[in-house]
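Peer 1: Using the sequences and the accompanying hints, generate a full structural model.
There are 2 protein chains.
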Amino acid sequence: MNEPRDGRRRVVIDRVLPSVEGGAAPIKRVAGDRVDVEAHVFTDGHDGLTVRLLSRPLGEDEWAVTPMTLRWNDEWLGTFTVQKPGLHEYTVEAWVDHYLTWARDLEKRAEAGQELDIEFAIGAGLLKDAARRASGSDREALRAGIKTIEAPGSDSGRVAVATDPDLVAVASAYPERSLRLRHEPPLTVIVDPPLAGFSAWYEMFPRSASTEPGRHGTFRDVEARLPYVAEMGFDVLYLPPIHPVGSTKRKGPNNRTVAMPDDTGSPWAIGDASGGHKAIHPLLGTLADFRRLVAAARDHGLAIALDIAFQCSPDHPYVKTHPDWFKMRPDGSVQYAENPPKRYEDIYPFNFETADWRALWDELKSVFDYWIAQGVTVFRVDNPHTKPFRFWEWCIGEVKREHPETIFLAEAFTRPKIMSRLARLGFTQSYTYFTWRTEKSELEEYLEELSQSEMVEFFRPNFWPNTPDILTEQLHTGSRPTFLTRFLLAATLSPNYGIYGPPFELLEHIPREPGSEEYRDSEKYEIRYWDLDRPESLAPFIGHVNRLRRANPAFSNLHSLRFHPVDNEQLLAYSKRDEESGNTLLIVVNLDAANPQAGWLTLDREALALEPGERFDVEDLLVGTRYTWGDERQYLRLDPDSIPAHIFRVDREGVAHA
Amino acid sequence: MNEPRDGRRRVVIDRVLPSVEGGAAPIKRVAGDRVDVEAHVFTDGHDGLTVRLLSRPLGEDEWAVTPMTLRWNDEWLGTFTVQKPGLHEYTVEAWVDHYLTWARDLEKRAEAGQELDIEFAIGAGLLKDAARRASGSDREALRAGIKTIEAPGSDSGRVAVATDPDLVAVASAYPERSLRLRHEPPLTVIVDPPLAGFSAWYEMFPRSASTEPGRHGTFRDVEARLPYVAEMGFDVLYLPPIHPVGSTKRKGPNNRTVAMPDDTGSPWAIGDASGGHKAIHPLLGTLADFRRLVAAARDHGLAIALDIAFQCSPDHPYVKTHPDWFKMRPDGSVQYAENPPKRYEDIYPFNFETADWRALWDELKSVFDYWIAQGVTVFRVDNPHTKPFRFWEWCIGEVKREHPETIFLAEAFTRPKIMSRLARLGFTQSYTYFTWRTEKSELEEYLEELSQSEMVEFFRPNFWPNTPDILTEQLHTGSRPTFLTRFLLAATLSPNYGIYGPPFELLEHIPREPGSEEYRDSEKYEIRYWDLDRPESLAPFIGHVNRLRRANPAFSNLHSLRFHPVDNEQLLAYSKRDEESGNTLLIVVNLDAANPQAGWLTLDREALALEPGERFDVEDLLVGTRYTWGDERQYLRLDPDSIPAHIFRVDREGVAHA
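Chains as they are written, first to last, in our numbering: chain W, 84 to 741; chain P, 84 to 741.
Hints were generated in silico from the structure; no laboratory data involved.
Worth double-checking, as some hints may not be accurate.
Since the list can't tell identical chains apart, any single copy or any two copies may satisfy a pair.
Unchecked claim - In silico SDA-like links for lysine to any residue, alpha-carbon gap of 20 Å or less:
#1 191 to 427
#2 361 to 679
#3 448 to 251
#4 211 to 412
#5 211 to 437
#6 425 to 188
#7 425 to 339
#8 500 to 416
#9 448 to 87
Peer 2: Below, the structure is given as structure tokens:
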């Protein structure tokens, strides 16, 4: 029945936080992070407790132990730091601490002038129990305590010894084993490399990297582009699929269903007779060229990210070697992708309900293994929500078990519960709805959900103002202030963000047709040539902001994000703060690309860690001007024809700024 | 590893609500309640799903099955009704529904004029799979469908048959077994008797029930008091401990540490040589008298509730028969209760860390069993938070397994997490902080937590304006409007509430000393005589309000509680609604006992289930006046010298009122 093994175990660990789904999924951190743990622990009556936090890398035997302290209302706090990427576990253990209780009560009795002789006998008895369970110097310390407490002497002297914090700590450490309670099973934290928590991504099509119009770009061209990307301050260079492109049902420019002989097709129609997901498009170069690119990128501080799209062109070798991995139609043809009545005949999806699913899973995982062997650790996964969730949970789990340094970005712009599940089952970062959140109220609401709900523990947003699939209507005007604003919001709201260039920095903005989110002459279906030296390019500004991101640690977290009221619906104000360094930023963005906007900002001093009434300096890091502020309200005006934002660093007197 | 047994099972059940701690504790309902279940269910891609709700009394083999329907955003809804008190379980099962998907797509294809021959072959194949798994008339229906779909004929005729909802439903019911997913383990709901969800309690000391001053009251006196209590409309008559009272260290009037020979002591100092927790104080009567009282109360619609206080006077038989159930001090004496430096020498607490805990637990449970055998099913448990949580979990679990009709009220005015745990581990109802919540903002905040958070699923508040231990400072004035207001708030905010009478209805209000929450000449330590016929008695008003509670089903739930804005901090306005009957109440209370207060109320029409702009009638059930309202804002004025509240029933035209 519901009867416990030992009814004498009276302590209750009611809840341990942070946790995701009560521990079913790990929380996420990066190497070097602190994990602040809160446990709700209590017992019946008034007895004192000892509560400890245990943590260890998964698979190790020894727990690291740190004490937890009572805040209030039965909330106990403790902290551990995670270093090594991989899975770690943590839990809480607690026990009713009889000696601690007795020592605390003894002081109250002594103060009230009560007779203490029997009390000393009780305390000595508790120390003897502890001494029986202790050994070495602890045992010696306990015996010395017993001797003093039992010896005749002044009450005050014996109380002082009995309540000495060192003696109490030693006695507390040896409770009766069966009365200790540990929260089971332990919770888990997945520790990722720092790049997982703070990264700026640049997406580009290698085949458009050529310096001459009309020539198919190569990995060597991408290598030549590295200084440009690095100078803009990016951390990740993400390449759409680099594999051979199928020719059957190949798409022409602007997604035409018929391709001309010269048309290059979509890189997402993966595979031809020469190879599939582990092959390289012959016009891009060789495997050696690719490895050279990965190394050169690393020298520029850039990680190469590959696109993993688990789907095949009709010419993919799998179609011949593993026809059972696809759905067959009664006429013997392979089932192409479709969303009836729409058909995508250049793509064959895998049939994950195949009886041969085990082999299919192994083969797909081996695609990651293959590219990891070539030096790639960052993957952007195409449409993960159209493959089984259990497959991803297994696949990412296995890959990260062997390679905890890997990063998986889920390209899923789909229903919220599905995006949440992908993040919980293992994806490191996630695309978001930011792309379509343009109004102040919807930005505030969405960011509060991401930063202040349980999501902040497992969902790492990666904000993209544009992608090859999404040229939002807001960008169709080509207005420079709009591009600047969307970039600034992405780069300063979210620790992880990315742009699809060169179209973004070159203000590319013409849709295929009015109202469409497709680019006209999209690189998805044809090779483009880009003149990076155009004077209107945003590249220098992007570089400036990315350098500010790196110099100010407050940018690297999401949980400290707070919005500050401004009495103008076009002005969005928010702050971020890094607790350790004290680095504090206040950002104000004009959401109106067409008009100057002004208003009164009301400071949330608590969010900025300012004392009531304290005067302080702010420096606008975008332009270098400094002001001294002291009032609760500040008047601000932002003109879209200049820079449509402030990035203020808050400098408190006598407090170092990062 | 993390590899599933069958990787082809693609459906995901992400969450099932309502649940408490993810299913670790049961939700609470009463017999006859609907349980509305929400499940977050999805799969990869665009396939259709079948989702079903399963429920059954715990221990039965057969599940009752009801379909779930998609609301939006992957949220599926279903409902079941619980009848029998006891534990029930419920869960959700789901599968990717291939025929449903195919039929849905077929309609789109047909609309788009696509060639359908191969599609019919696919659909017929799916029906054949289902037919293999089906039997009886279902199999026949499937075979008939196959025949039509395969036969040459018009596309439109074949589409009509193939997509016929009856055929789709039959085909949907026979998925491949291994691809079905069930949420495990099932969630649980504890079903209590209706009294657990809606009850008005009256507490009184039987020894003060005498009709002559100076005589010790008896169960016969209590029997004579039943018409009075029933006329006030109460459901539960709760008696403080009825057991023999110890004489060692007995307390005198007003908690004096020395008792005179005639002093009666505290009923909570339980036990003397004649008996303990299963004995009856000889001056109250015999066991036969008690059983007679229980039966007579039942005839008046009243359940007798007993106080269960697991502690002993030094004279309790347990102290001799089970000295090992108590803590011994080194001098051989038994450890009395204390909270150093305070001592309560008339009470011996049990030592729940005794090696003999198993026998102690069994004996304490047998106390409940004993009184259940005498016809008692309602228990008010004294200070449960000073006994181990695991003991209560086991004890209440066992008692309710054998007697699901029992009700346990936790007398715990302690830290919030402890009160929450007691409710989750099995207590049916809980005392609350209502007693000290007097301001509008704190009432709103507290009630929103109780009614709108997860607490509403497991914590049934029981609101008390006073108890023998608590005469709040607000009541010290003896102001009739204050007593009326506190009573009205308790009775109309919470489905369960109680008063300690006759002190409450007789406006007893003098504290032992200024600022104390103890009554002067408290019944806890002496016998009192009460003149129930005093003209200022609130009894008639209490009776009126309790009759309104019974006549209006909206009073019986907490989850529908909503506060409505009033531009006056002394006027509190709130509504409740019963979905099934449509019964809707709007209550306005003047919190200021000294002054008339007026203000503008802004109606929350959604909470009242009113259309925008709809005109409607309200009837003030306290005085019988009717008004027609249509505006969003209503001017209200309440004078404490009259009745300090409105209880409006909202009567929509053409809608029956309860």
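Peer 1: Are the hints correct? Go through all of them and say.
Peer 2: Structure-based check of each hint:
no. : hint       : result
1   : 191 to 427 : between (80 Å within a copy, 16 Å between copies)
2   : 361 to 679 : neither (52 Å within a copy, 82 Å between copies)
3   : 448 to 251 : neither (54 Å within a copy, 37 Å between copies)
4   : 211 to 412 : between (80 Å within a copy, 16 Å between copies)
5   : 211 to 437 : between (67 Å within a copy, 18 Å between copies)
6   : 425 to 188 : between (77 Å within a copy, 10 Å between copies)
7   : 425 to 339 : within (14 Å within a copy, 88 Å between copies)
8   : 500 to 416 : neither (35 Å within a copy, 63 Å between copies)
9   : 448 to 87  : between (44 Å within a copy, 15 Å between copies)
The structure shown violates the earlier hints numbered 2, 3 and 8.
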